[in-house]
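Participant: Let the hints inform the model, and build the full structure from the sequences given.
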Amino acid sequence: MLSKKILKRMAVAGACLAGFAAFSSAALWELDRAFPPPLPATLTVSTEVQDRDGQLLRAFATPDGYWRLGTRLDQVDREFVDMLVAYEDKRFWDHRGVDLLALCRAAGQFATSGHIVSGGSTLSMQLARLIEPRDSRSLGSKLKQILRAVQIERRLSKQEILERYLTLAPYGGNLEGVRAASLAYFGKEPKRLTVSESALLVALPQLPEKRRPDRNLDIAHAARDRVLTRMVSAGLLGEREAARAALDDVSGLRRKLPALAAHASYAMLPKAEPGKPLQLTIRRSVQQGLEQVAREAARKLGPKLSVAMVMADARTGDILGEVGSADFFDASRSGWIDMTKVVRSPGSTLKPFIYGLAFEQGLVAQEMIIEDSPADFGGYRPKNFDMGYQGDVSIRQALQLSLNVPAIRVLDAVGPARLTARFRQAGVNLVLPLNEAPGLAIGLGGAGLTLRDLVQLYTGLANGGKMHTLHDGTEPANAERTTATMLDDQAAWQIDDILSGVKPPEGAMQRGIAYKTGTSYGYRDAWSVGFDGRYVLGVWVGRADASPVPGLSGYVSAAPILFEGFVRTGLAGVPLPSRPPGVFNPKREELPVTLARFGAGSDGLVQATPTEPAPTIVFPPDGARVDLGTNSAAATPLVLKLQGGRAPFRWLANGKPLAGVDRRRTATWQPDGTGYSTLTVIDAAGRAASVKVFVE
Numbered sequence: 001m002l003s004k005k006i007l008k009r010m011a012v013a014g015a016c017l018a019g020f021a022a023f024s025s026a027a028l029w030e031l032d033r034a035f036p037p038p039l040p041a042t043l044t045v046s047t048e049v050q051d052r053d054g055q056l057l058r059a060f061a062t063p064d065g066y067w068r069l070g071t072r073l074d075q076v077d078r079e080f081v082d083m084l085v086a087y088e089d090k091r092f093w094d095h096r097g098v099d100l101l102a103l104c105r106a107a108g109q110f111a112t113s114g115h116i117v118s119g120g121s122t123l124s125m126q127l128a129r130l131i132e133p134r135d136s137r138s139l140g141s142k143l144k145q146i147l148r149a150v151q152i153e154r155r156l157s158k159q160e161i162l163e164r165y166l167t168l169a170p171y172g173g174n175l176e177g178v179r180a181a182s183l184a185y186f187g188k189e190p191k192r193l194t195v196s197e198s199a200l201l202v203a204l205p206q207l208p209e210k211r212r213p214d215r216n217l218d219i220a221h222a223a224r225d226r227v228l229t230r231m232v233s234a235g236l237l238g239e240r241e242a243a244r245a246a247l248d249d250v251s252g253l254r255r256k257l258p259a260l261a262a263h264a265s266y267a268m269l270p271k272a273e274p275g276k277p278l279q280l281t282i283r284r285s286v287q288q289g290l291e292q293v294a295r296e297a298a299r300k301l302g303p304k305l306s307v308a309m310v311m312a313d314a315r316t317g318d319i320l321g322e323v324g325s326a327d328f329f330d331a332s333r334s335g336w337i338d339m340t341k342v343v344r345s346p347g348s349t350l351k352p353f354i355y356g357l358a359f360e361q362g363l364v365a366q367e368m369i370i371e372d373s374p375a376d377f378g379g380y381r382p383k384n385f386d387m388g389y390q391g392d393v394s395i396r397q398a399l400q401l402s403l404n405v406p407a408i409r410v411l412d413a414v415g416p417a418r419l420t421a422r423f424r425q426a427g428v429n430l431v432l433p434l435n436e437a438p439g440l441a442i443g444l445g446g447a448g449l450t451l452r453d454l455v456q457l458y459t460g461l462a463n464g465g466k467m468h469t470l471h472d473g474t475e476p477a478n479a480e481r482t483t484a485t486m487l488d489d490q491a492a493w494q495i496d497d498i499l500s501g502v503k504p505p506e507g508a509m510q511r512g513i514a515y516k517t518g519t520s521y522g523y524r525d526a527w528s529v530g531f532d533g534r535y536v537l538g539v540w541v542g543r544a545d546a547s548p549v550p551g552l553s554g555y556v557s558a559a560p561i562l563f564e565g566f567v568r569t570g571l572a573g574v575p576l577p578s579r580p581p582g583v584f585n586p587k588r589e590e591l592p593v594t595l596a597r598f599g600a601g602s603d604g605l606v607q608a609t610p611t612e613p614a615p616t617i618v619f620p621p622d623g624a625r626v627d628l629g630t631n632s633a634a635a636t637p638l639v640l641k642l643q644g645g646r647a648p649f650r651w652l653a654n655g656k657p658l659a660g661v662d663r664r665r666t667a668t669w670q671p672d673g674t675g676y677s678t679l680t681v682i683d684a685a686g687r688a689a690s691v692k693v694f695v696e
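Heads up, the sequence shown is in full-length UniProt numbering, so the first residue is 1 and it goes up one at a time.
Hint data in this document are derived by calculation from the structure and do not stem from the laboratory. As the structure is a computational prediction, the values presented were derived from the model and not from experiment. Built from N, CA and C at the ideal position, the CB exists for glycine as well. Some hints here could point you the wrong way.
What the hints assert, rightly or not - Pairwise CB distance ranges, derived in the manner of DEER restraints:
hint, residue 1, residue 2, range
1, Gly-235, Gln-292, 41 to 49 angstroms
2, Gln-55, Glu-132, 15 to 23 angstroms
3, Pro-581, Lys-692, 54 to 62 angstroms
Facilitator: Right under this line is the structure:
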C-alpha cells in the first residue's frame with residue numbers, strides 16, 4: 001500500500017499534468033501570441049567558406065566563441081538520425097511537441113524516487129531548452145519547456161526542428177552541432193558515419209562535458225556502448241552489427257576544424273551573410289595538396305623564406321588553389337601577407353612571351369641561329385645569369401637555357417612597347433619605374449607584376465593562346481571577366497613545344513608539363529611557372545620583406561616545388577595543345593636564308609655574316625713539340641685553347657672529328673701515338689684554324 005508521502009508526490013505530479021491538460025485551446029492561443037518562443041529566422045552559426053563543390057575549407061567561430069555549423073538533414077547520415085530519434089524521442093514523428101506517455105512515465109519515476117529520473121523530454125522540448133537555457137531541473141522549468149515545445153511545433157516542421165537541434169546540440173567544449181562534432185572527433189562531415197561513430201554522437205549531448213572523448217575516453221566509450229545496446233532493443237541494429245561496432249576504438253583526439261585557404265577566406269568575410277556559406281572557386285583537394293607542399297618546402301628552404309602558389313584552370317580562369325604564404329600564422333615568414341598579390345620582379349619568366357611575339361610576327365624559327373655574346377643596346381649591356389656566353393645557339397636553345405642576351409636581341413626587334421601593350425590587352429599591367437617608358441630591361445625582370453598576373457599570362461600558353469581573367473570568388477560581384485588573345489595559336493604552340501623540352505629539376509617526377517623559371521635581380525625572388533593542356537601552376541619563393549637570399553634561384557628553389565605541386569594536387573594530366581595546322585617548324589638545314597640567322601642591324605635587316613674575328617688556336621702554338629708521355633702508362637691529354645670564332649666549335653685531329661660539339665673555347669685531346677699531328681677547329685660560321693704539333 002502506497003504511503004501518504006508517495007501519494008502526495010503523485011498528486012503534485014498529476015496536478016501539473018492536469019493543469020496542462022485543462023488549458024483550453026483559446027487560452028493556449030492567447031498565451032502563444034503573448035509569449036512567442038525565441039525562434040530567429042536564421043540561427044547564429046559559424047561563417048563557412050566552402051570550395052567549388054560545397055566542401056568546407058574554413059569556418060570562423062561565432063561571436064560568442066563557438067564552433068556551430070549550420071546543418072541540414074541531407075548533410076547527416078540517415079542512420080544517425082534514426083538512432084537519435086529512437087534513443088531520444090521514439091514517437092517524435094507522431095506527437096505535437098509533448099509525448100504524454102513519456103511524461104507519465106517520468107512523473108511516476110519522480111513520485112516514487114523524489115527526484116527527476118528521466119525528464120520525458122522530446123526533441124522539441126530539448127530544442128526549447130537549447131534556445132532558452134534553464135537554470136535548474138525544476139518542475140517549473142519542465143513545464144516551461146512543455147509549453148515552448150508546443151509553440152515550436154506550431155511554427156516549425158519536424159524536419160526544421162531536427163535541423164535546429166542538430167545545429168545547436170552541445171558536444172563538449174565550444175563544439176555545438178553534429179557537424180562540428182563529427183569534424184572535430186572524426187575528421188569528416190557526418191554524411192558517412194559508421195555505426196560506432198553515430199552511437200557516440202547520439203550519446204554525447206546528454207552529458208557533453210562528462211562524456212567528451214578527448215577528456216574522458218572511458219566514459220565516452222561506455223556511453224557509446226549503452227546506445228548500441230539500446231539500438232538492439234529498439235530493433236534498429238542486429239546483435240552482431242552492434243557487437244562489431246562495439247569493437248571499434250573511440251578516438252581520444254580532438255582535431256582542428258578545416259582551416260584551408262586562409263588569405264582567400266579572410267578576403268571573403270566582408271561578403272558574409274547570416275546563415276549563408278561563402279563559396280570560392282578553389283577545389284579542396286588541390287588546396288590541401290598545395291598547402292602541404294608549401295609548408296614542407298619552406299621548412300627545407302630555411303627561416304624567414306616563404307612560398308606562394310597559384311593553380312588555375314586555363315579553360316575557365318577559375319583558381320583551383322592559392323597559397324598566399326607557407327603558414328598564415330608564422331610571423332617569422334610574415335605569413336599574413338598574401339604574396340600571390342604582391343608586385344615583385346618576375347626575372348626571366350616573361351621571356352616566353354617575347355619569343356612568342358617574334359614567332360607571331362615571323363621573325364624567328366625554332367632552329368634559327370642567334371648569337372649569345374656580349375652586346376650593347378644603347379648603353380644597356382645585359383649579361384647571362386652565369387656571367388658566361390654560349391656563342392651561337394638556336395632560338396629553341398636560347399629559350400630553354402634562358403639566355404639573357406638573345407632574349408634582349410629578340411625584344412629589341414619586337415619592341416618593348418608592343419610586349420607591354422599585349423599584356424595590357426590581356427588584362428595585366430606591368431608596374432614600371434615612375435615616369436619611365438617600357439624598355440629592354442623588362443625582358444629580364446625590370447618591371448613588376450604579381451604571381452596571379454603571371455599565372456594569368458601563362459593560361460594563354462596552356463589554352464592555345466586564349467587567356468581568361470583569373471578569379472577565385474573574392475572579387476566584387478561586378479568585377480569584369482574577360483577573354484583575350486595572348487598569342488595566336490601557332491605562336492603559342494611554338495612556345496609550348498620549346499618549354500616542354502626543358503629538363504625537369506633533379507629527382508622530379510616526369511609530368512609532361514612545359515615550364516619556365518626565373519630569378520630576380522639580387523636573388524630576391526625565385527619563380528617557376530608550369531602548365532599542361534589545362535592547368536597552370538605558378539610558384540614564388542623569397543622573403544616577404546624583399547631581402548636578398550644568396551643562392552636563391554628559380555631552377556633550384558622554385559622548380560622542385562612546381563613539380564611536387566602538380567603531383568600533390570591529384571589532378572590528372574592533360575596533354576599540351578596539339579600542333580595547329582600551318583605551323584612552320586623546319587629543321588635547321590631546311591630554313592630559308594632569311595631565317596638562318598637572327599640579328600637586327602641598324603637598318604632593321606637581318607645580318608647574315610658574322611662580325612666577330614675568326615677562330616685562332618692559341619695553344620698549342622703552331623710547330624710546338626709537346627711531351628705528353630704518350631708511351632707511358634701516365635699519358636696525359638693535351639689541352640686545346642682558342643680565341644675568337646662563334647660557338648659551337650668542332651675539333652678535328654688529323655682530319656678525324658673529336659667526340660661532341662663544344663661551346664667552350666677549351667677542349668682536350670688524347671693522342672693515340674707519337675709524331676706529327678694536325679689539329680683543326682671549325683666554328684659555327686664555317687671558319688677554320690689549324691696548327692701542326694709534334695707529340696712526344
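Participant: Any hints this thing doesn't respect? Which numbers, in order?
Facilitator: Number 2 only.
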